[in-house]
Every structure is written in C-alpha cells, then in structure tokens.
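Number of protein chains: 2
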Amino acid sequence: MGSLRIGIVGCGVVGTGTVRLLIENREILRKKTGIDFELVKVADLDWNREREFEVPKELRTRNWEEVVDFSDVVVELVGGRDFAKKLIMNSLESGKHVVTANKHLLALEGEEIFLKAQEKGLRVGFEASVGGGIPVIKALREGLVSNRIRTIYGILNGTTNYILTRMFEENLSFDRALAEAKEKGYAEADPTLDIDGWDAAHKINILASLAFGKYFPFEKVKVEGIRDLDRLDVELGKELGYTLKLLAIAKRFDGEVEIRVHPTFIHSEEALAKVSGVYNAVMIEGDFVGNTMYYGKGAGSLPTASAVVSDIVDIGRAVASGNGGEITPIDWESEPVTVRENFYSRYYLRFSVPDRPGVLASISRVLADFNISIAAVLQKEMVCEIAGVKNEPVVPLVILTHKAYERDIQKALSRIEDLPVVAGKPVVIRVEEEAE
Amino acid sequence: MGSLRIGIVGCGVVGTGTVRLLIENREILRKKTGIDFELVKVADLDWNREREFEVPKELRTRNWEEVVDFSDVVVELVGGRDFAKKLIMNSLESGKHVVTANKHLLALEGEEIFLKAQEKGLRVGFEASVGGGIPVIKALREGLVSNRIRTIYGILNGTTNYILTRMFEENLSFDRALAEAKEKGYAEADPTLDIDGWDAAHKINILASLAFGKYFPFEKVKVEGIRDLDRLDVELGKELGYTLKLLAIAKRFDGEVEIRVHPTFIHSEEALAKVSGVYNAVMIEGDFVGNTMYYGKGAGSLPTASAVVSDIVDIGRAVASGNGGEITPIDWESEPVTVRENFYSRYYLRFSVPDRPGVLASISRVLADFNISIAAVLQKEMVCEIAGVKNEPVVPLVILTHKAYERDIQKALSRIEDLPVVAGKPVVIRVEEEAE
Chain A
474 MGSLRIGIVG CGVVGTGTVR LLIENREILR KKTGIDFELV KVADLDWNRE REFEVPKELR
534 TRNWEEVVDF SDVVVELVGG RDFAKKLIMN SLESGKHVVT ANKHLLALEG EEIFLKAQEK
594 GLRVGFEASV GGGIPVIKAL REGLVSNRIR TIYGILNGTT NYILTRMFEE NLSFDRALAE
654 AKEKGYAEAD PTLDIDGWDA AHKINILASL AFGKYFPFEK VKVEGIRDLD RLDVELGKEL
714 GYTLKLLAIA KRFDGEVEIR VHPTFIHSEE ALAKVSGVYN AVMIEGDFVG NTMYYGKGAG
774 SLPTASAVVS DIVDIGRAVA SGNGGEITPI DWESEPVTVR ENFYSRYYLR FSVPDRPGVL
834 ASISRVLADF NISIAAVLQK EMVCEIAGVK NEPVVPLVIL THKAYERDIQ KALSRIEDLP
894 VVAGKPVVIR VEEEAE
Chain B
474 MGSLRIGIVG CGVVGTGTVR LLIENREILR KKTGIDFELV KVADLDWNRE REFEVPKELR
534 TRNWEEVVDF SDVVVELVGG RDFAKKLIMN SLESGKHVVT ANKHLLALEG EEIFLKAQEK
594 GLRVGFEASV GGGIPVIKAL REGLVSNRIR TIYGILNGTT NYILTRMFEE NLSFDRALAE
654 AKEKGYAEAD PTLDIDGWDA AHKINILASL AFGKYFPFEK VKVEGIRDLD RLDVELGKEL
714 GYTLKLLAIA KRFDGEVEIR VHPTFIHSEE ALAKVSGVYN AVMIEGDFVG NTMYYGKGAG
774 SLPTASAVVS DIVDIGRAVA SGNGGEITPI DWESEPVTVR ENFYSRYYLR FSVPDRPGVL
834 ASISRVLADF NISIAAVLQK EMVCEIAGVK NEPVVPLVIL THKAYERDIQ KALSRIEDLP
894 VVAGKPVVIR VEEEAE
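Residue numbers (my numbering), protein chains in the order written: chain A, 474 to 909; chain B, 474 to 909.
It cannot be assumed that every hint is accurate.
List of simulated lysine-lysine pairs, BS3-like, C-alpha gap at most 25 Å [stated by the list, open to error]:
1. A:504 / B:504
2. A:687 / B:504
3. B:593 / A:504
4. B:747 / A:711
5. A:747 / B:876
6. A:589 / B:589
7. A:504 / B:876
8. B:747 / A:593
9. B:876 / B:695
10. A:747 / B:589
Source of the hints: derived by calculation from the structure; they are not laboratory data.
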C-alpha cells in the first residue's frame with residue numbers, strides 16, 4: 474500500500490474542515506483507494522483562535538517552510554495573492570504537488586503556476602476553487618472531455634444568490650437582503666468581492682480556461698455586480714416570467730469567447746432559476762451531451778474540504794500508478810481564441826417616463842435606429858420611487874428586446890437618456906435563454 | 474503522442490452516436506489529451522438499416538472477434554446478457570480494456586466481470602450505464618471520494634419521468650401518458666423494463682455498489698413500477714404539496730443498506746421535484762459535501778456516446794501514464810454490509826371508504842396497534858372512480874403517516890383491508906424528505 478504525506482498551510486475555516494476530514498475519514502480513504510493519506514503538518518500563525526475542530530498539537534506549526542519540507546502534497550489555504558503565490562511556487566520548485574482553493578490567484582496568475590507545474594511534472598489540484606464541494610472541474614476536464622463545450626452558465630457565488638433569492642421571494646430591497654445575509658454569516662463584513670461580482674468572475678475565468686483550452690486575461694472578463702439593483706426590476710421581471718440571478722457566463726463561438734458576470738434574467742421555469750439561497754449550480758452545454766447541471770453547496774468548511782481532499786486523492790492515485798504529472802495541460806487549444814467584448818444578448822430595459830402620449834414612440838425610434846428590435850413592452854400604472862422630471866410623476870416603462878449587440882444597446886441608451894421625456898439613467902439587465 | 478485503438482460491437486442508436494463522436498471530435502480529443510483515439514472497427518450484424526450517421530465502409534464488419542483482435546479498447550453496445558457477457562469476458566481474457574453501457578448485465582453479473590478485469594489489470598468503464606451523459610459514476614468514485622456516502626436519490630429513468638410529469642402537469646391517466654410517450658419515441662413498444670422499474674433498479678444497484686463498496690445481489694433490490702398508479706393519487710399528493718416521482722433510493726446505515734425503486738412523493742419545492750420530462754437527476758449526500766445534484770439527459774444517442782467516450786479517454790490517459798488497471802476495486806468495504814428489507818419511511822395511504830361516522834376511528838385504531846403514527850389526514854368530498862361497497866358510494870381518505878416500518882405498514886394494511894368499511898385495496902405510496 475502506498476502512502477502520501479499531506480501538509481496544510483492556512484488553518485482557517487476551510488483548513489480546519491480539511492484537517493477534520495483527513496483525520497475522520499482517513500480509514501475510509503484508505504479502503505477506497507488503497508493509499509494511506511497521512512496529515513503530517515498544519516501551519517498557521519495563530520493557534521489560539523477558536524476552531525470548530527481541534528487540530529492535534531503535534532501537527533501544528535507556525536512555519537510554512539516546515540510544511541513544504543515534510544509533505545508530498547502542499548495544500549494552500551491561506552488565500553490572497555502574494556504569499557499564496559510564493560508558497561505555491563516554492564512548493565513546486567521543491568518538487569511538491571499542490572492543492573489550492575484560491576480562485577483569486579488562479580484567475581489572475583494561473584498560467585505561471587500551471588506552467589511551472591508542467592515543467593516540474595507535478596499536479597496543481599484546484600477543484601475547491603469553483604463551486605465548493607461540487608466536482609465541476611472534474612466534470613469539465615474528464616466527464617465531459619469528449620465534448621466541445623459551447624456554454625457554461627453558473628450561479629457561482631452563494632452570498633449574492635442568497636441576496637437575490639430574498640429579494641425575489643420576499644420583495645426585500647438589496648440593502649435589507651444584504652443585512653440579513655450578514656446576520657446569517659452568509660456575507661462577510663466587507664462583501665465587495667462577492668456582491669460586486671469579482672468572486673464569480675474569478676471562477677468563470679477558471680472554468681472558461683478549462684472549457685476552451687486557453688488562459689484568458691482576467692481584465693477581459695466583463696464584471697457587473699448586484700449592488701445597484703432595484704427591487705422594482707426584480708418584481709417587474711417576475712411578472713414577465715423571469716427570475717433575476719447573478720450569472721457567470723462563458724460561451725464559445727468560432728474563434729471567440731464571451732466571459733461575463735452580471736445580473737441576468739432567466740425564465741423562472743429553468744432549472745437554474747430554482748437554485749435558491751446559498752446553493753451554487755453550473756449548467757454546462759456540450760455538443761454531444763447537451764445540457765448537464767451540477768448543484769450543491771458552493772462554499773463552507775466541510776463541502777470545500779471535500780473538494781480539497783478529492784484533489785489529494787487524485788494525486789495519490791496518480792503517484793501510486795507511477796505518474797505524478799497533470800492529466801492534460803490547461804491550454805490545449807492550438808487555434809487562436811480571443812475574448813469578444815461586444816456580446817450579443819437579449820435585454821430588459823427600464824425607463825422612467827411621464828405617463829404621456831408619444832413617449833414610447835420616441836424611445837422605440839431610437840432603438841430602431843440602432844437595429845434593436847422590440848419583443849415586448851410593459852408599462853405599469855404605478856408611480857416610480859425615483860424623482861420625476863420637473864416634478865411630474867413618472868412610471869416605469871419596460872422594453873424587452875430581441876437579440877442585439879451590447880455596443881448598440883449602450884449607444885442607443887445614451888441617446889435615449891438625453892431625451893427630455895426620460896428621467897434618470899435607464900436600467901439595463903441582460904436576458905439569457907437556456908437553449909437557443 | 475500515444476494512440477489508442479477503439480473497436481465497437483453493436484451499432485444501434487448509442488453505437489452510431491459513439492462512431493460519430495469518435496470521428497467528429499477526434500481532433501479535439503487529441504488536443505485535449507495528447508492521445509490519438511483511433512476508431513478501427515465497428516461490428517454489427519445488419520449494415521443495411523437506416524442510421525443517423527454513416528459508418529465509413531472500411532470500419533464495418535460483421536465479426537465481433539475481429540473487433541477484439543484489432544482494438545486496445547472494446548466497446549460493448551449490444552445490450553442484453555448472454556452475448557454481451559461472452560464478448561466482455563473474451564475481451565478481458567484477450568487483454569483488452571472494456572467500455573460498456575450495459576446496466577442490466579452489470580447489475581446482475583458485475584462482480585464476475587470486475588473481478589476478471591482486476592485479475593487482468595484492465596479497466597471496465599461503465600459511465601454510460603447510469604444517467605446517460607451525466608458523469609455521475611465519476612462523481613461518486615472520484616469527485617466525492619473523500620465522503621462517506623449516506624444517501625442517493627435518483628430519477629434514473631427518463632421514460633417513467635416523462636409519464637409522471639405528464640400525469641402531474643396535465644392530470645393525464647397513466648395509459649394516456651404512456652401512449653403519448655410512445656408517440657414521442659420516449660417509450661419502447663414493450664416498455665416493461667422502464668415502467669416496471671427494472672431499468673432504474675439496475676442503475677441504483679450499480680450506484681449503491683460504488684457508494685457503499687460492496688456488490689449487492691440484485692434480487693434484494695425492492696422494485697415497484699408505475700403501471701398501477703392512479704391519477705387521483707398524483708392529484709391528491711399535489712394538493713398536499715408533493716410531487717410523485719419514480720425514485721431510485723440507496724441509503725447507508727451502520728452495517729446495512731436500503732436499495733429500492735418505487736413511486737415516491739417528494740416535496741414539490743425540492744430540486745428533484747423540478748426535474749421534468751425525460752431528464753434524469755441524481756442527488757448524492759456525503760458526510761462532508763452535504764447534498765450535491767447531477768442533472769442531464771439520461772438517455773439518447775449523443776449523450777450516452779459522450780459518457781462512453783469519457784471512459785475511453787480515462788483508459789487512454791491511464792495507459793499513457795503506464796498504468797492500465799482499475800483506479801480502485803469496487804468492493805472496497807471490508808465491513809459486512811447487508812441489504813435491509815424492512816425499511817423505515819413515511820407513507821401516504823389512501824383508502825376508499827363510505828362517507829360515514831366511525832370509519833376514521835376504525836382505521837386509525839389499527840394503525841395505532843402497529844405503532845404507526847398519523848401526521849395528516851385528508852378526506853375529500855369527491856366520489857371515487859372505483860366501485861363502492863354494496864353500491865354505497867365511496868370517498869378517498871388519505872392518511873400521511875410519520876415514519877414507520879414497511880413491515881408494520883403491510884401488516885396494518887392487510888388488517889385494514891379486511892375492515893367492512895374499506896373498499897378495495899388501499900393505495901400505498903412512500904414519502905421521502907430530502908434532509909432528515
């Protein structure tokens with residue numbers, strides 16, 4: 474029977490869960506794999522803080538280099554960029570496999586890390602970086618390997634999905650729903666990375682790389698968060714049969730891809746629309762398999778530990794079979810692929826207008842000038858909460874468009890914004906259909 | 474670059490899809506894996522029938538032994554038991570890896586096949602045997618490897634799920650919905666394997682083996698189909714907030730497991746309840762990961778081909794890294810595990826009774842005698858469609874129980890059946906709650 478020595482650097486929430494899993498399930502892992510996964514060292518700077526599981530004293534250290542020295546696999550769970558990168562590069566240089574949950578680092582500097590691993594014939598496992606315990610990285614790289622992946626739609630951030638679920642179900646305002654998420658421990662004190670879409674953007678960038686076989690510069694990912702959402706749009710969308718989600722989207726066209734994160738209306742009957750609260754789900758469409766979906770807890774100590782250890786097991790199995798290297802380089806695509814910024818989508822547009830004749834005509838004229846075709850119009854007999862033009866009350870006018878180019882929409886909107894009958898900035902929310 | 478020669482025996486719907494995938498996506502497979510997957514032979518007895526994709530003439534043969542001779546991996550897609558087994562055993566004896574979609578054979582004779590593969594240091598891939606293109610076998614064996622699996626709930630048969638969806642949504646009778654499924658090509662001319670639950674039972678037996686690490690005799694699986702379902706129960710369940718699904722269930726207790734397939738009421742708000750039409754979904758609960766769900770097309774030419782080829786790629790990667798054997802024996806559990814037949818569940822019971830005082834009292838007395846506790850009662854002011862006692866009209870009386878033992882329920886029901894106030898056989902449908 475083989476054995477593998479595991480060291481962990483960073484004993485926060487996920488680190489503690491991983492320690493617990495490796496100790497409590499060591500025997501079952503041995504039975505399932507024939508390999509003994511032995512936790513040898515855990516580094517953290519603070520051994521006094523409260524943890525949900527007590528790390529055995531003899532495993533504790535404050536010295537990360539000790540972890541690298543004594544392990545076959547180094548698990549990086551410190552998060553952040555600079556030190557995490559130093560730790561990973563140092564581990565690879567020392568001939569150690571690496572497992573990490575650090576989506577932030579991988580989305581920004583994955584290429585350098587994976588190239589180093591390849592050069593050294595080592596593995597970098599990162600299942601825990603996307604979707605918590607859901608084995609979605611494995612599904613993309615292995616289970617669906619025989620497919621050309623066309624689209625990925627993901628609800629990849631539990632904090633924002635919780636907030637949007639509460640806004641949708643209880644008609645709460647964004648601020649109210651965020652406060653609730655904080656109370657329940659679903660949002661951090663500084664929730665910027667989550668609510669402004671960065672966390673989901675890191676994750677979709679990683680999935681897009683795997684699906685399309687290229688490293689895509691993170692700056693090219695379009696990111697829009699949920700901070701400015703008005704519950705009025707959640708409500709109007711609901712009436713039209715749509716549910717509002719923060720979707721992370723990656724699509725492949727011939728030589729181009731789209732990678733974007735933004736609030737998105739999807740049909741309320743679609744599977745992704747039913748994913749509520751802190752759950753995550755990823756819909757992946759391949760040319761042969763069609764649509765498949767992966768669903769589970771996208772964060773949390775124990776689910777994330779489950780993914781970390783699945784990577785450790787993969788490494789253990791590869792080492793036991795005499796081959797430690799990556800199953801496949803990530804940038805397998807030899808054709809050029811660029812990120813398309815001018816994407817093509819349906820749109821929900823909401824204007825605040827006075828309830829007078831001619832308003833719809835002037836707005837729709839501008840849309841027509843930009844070749845934007847209208848699919849549906851909804852004008853409500855309700856007075857908007859925002860200030861009116863010249864103190865005349867305004868009502869919401871919603872236009873759903875057929876597919877149009879983002880750039881045309883933006884140009885049309887800036888023209889419409891200047892119309893005297895339109896009060897304030899129009900609201901733009903993209904609309905996606907599952908199968909097009 | 475390595476290469477792997479693939480041969481297929483059986484060129485029906487799935488075989489044709491697999492040929493097409495291996496030809497159309499050969500280049501992308503090579504890019505993703507660095508391995509050339511070369512389709513060398515396809516055997517079938519009838520090369521004149523209409524196929525959705527034309528198999529190149531030079532690949533065709535009528536001789537299965539030629540396929541075994543010329544291939545590194547033999548793909549068995551003939552189905553059925555006797556010849557399929559002979560083909561697989563012969564391939565393994567000849568030192569060839571095997572990929573199969575044959576759930577029927579694996580559920581009944583998997584042990585012999587896997588032991589032979591282990592003895593020979595070869596792989597038998599069977600991702601396509603459960604859930605079509607959904608990589609659920611891989612999720613269980615690899616993605617969730619670090620977990621003790623507690624429960625698996627699956628909608629594993631698309632034909633029955635289509636029928637139940639139509640009964641639920643349109644209040645169709647079983648016969649009407651089956652006729653519709655046949656028209657649409659979702660049900661075969663002889664739908665017995667599907668509608669009587671055998672297909673789902675084969676699949677859950679395979680998943681239970683993987684999850685709990687033992688081969689379980691197929692005769693021990695409790696199987697009940699949907700043929701006798703009355704739409705009245707679908708409707709009454711709906712009123713109570715439940716959706717009726719043919720669930721395949723596997724649960725682990727200490728030294729025991731339950732493996733069963735039967736019509737099951739689940740809360741209409743649960744994720745599985747929303748899986749409609751011919752889609753499949755599997756919910757897997759692990760001790761660390763919690764609930765995860767896998768969803769997609771559970772059958773069909775191209776999705777199943779996707780799974781077949783993912784197995785071929787796994788074999789190619791293993792061979793390229795110098796190790797061809799199984800990642801882990803299937804029967805990894807060294808503790809004894811037996812199949813528990815007297816399971817423990819909630820129940821929906823429907824009695825046809827005259828609308829008279831005292832009826833509920835006599836039925837509930839019998840239930841109390843068997844320690845079965847009542848959670849809810851629903852008596853409808855409607856006249857049943859079935860014949861009444863002594864020509865007195867009967868009404869449906871529904872009792873939802875708390876958890877009880879199957880054996881006690883059966884005994885209580887046979888006593889209740891003998892009560893003079895009860896007309897006909899009571900209807901029994903089990904009720905499952907996702908998280909208990």
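Quick rundown of the hints versus the structure:
no.	hint	result
1	A:504 / B:504	violated (35 Å)
2	A:687 / B:504	holds (12 Å)
3	B:593 / A:504	holds (21 Å)
4	B:747 / A:711	holds (18 Å)
5	A:747 / B:876	violated (28 Å)
6	A:589 / B:589	violated (40 Å)
7	A:504 / B:876	violated (33 Å)
8	B:747 / A:593	violated (47 Å)
9	B:876 / B:695	holds (18 Å)
10	A:747 / B:589	violated (45 Å)
Violation of the numbered hints given earlier is confined to hints 1, 5, 6, 7, 8, 10; the remaining hints are satisfied by the structure.
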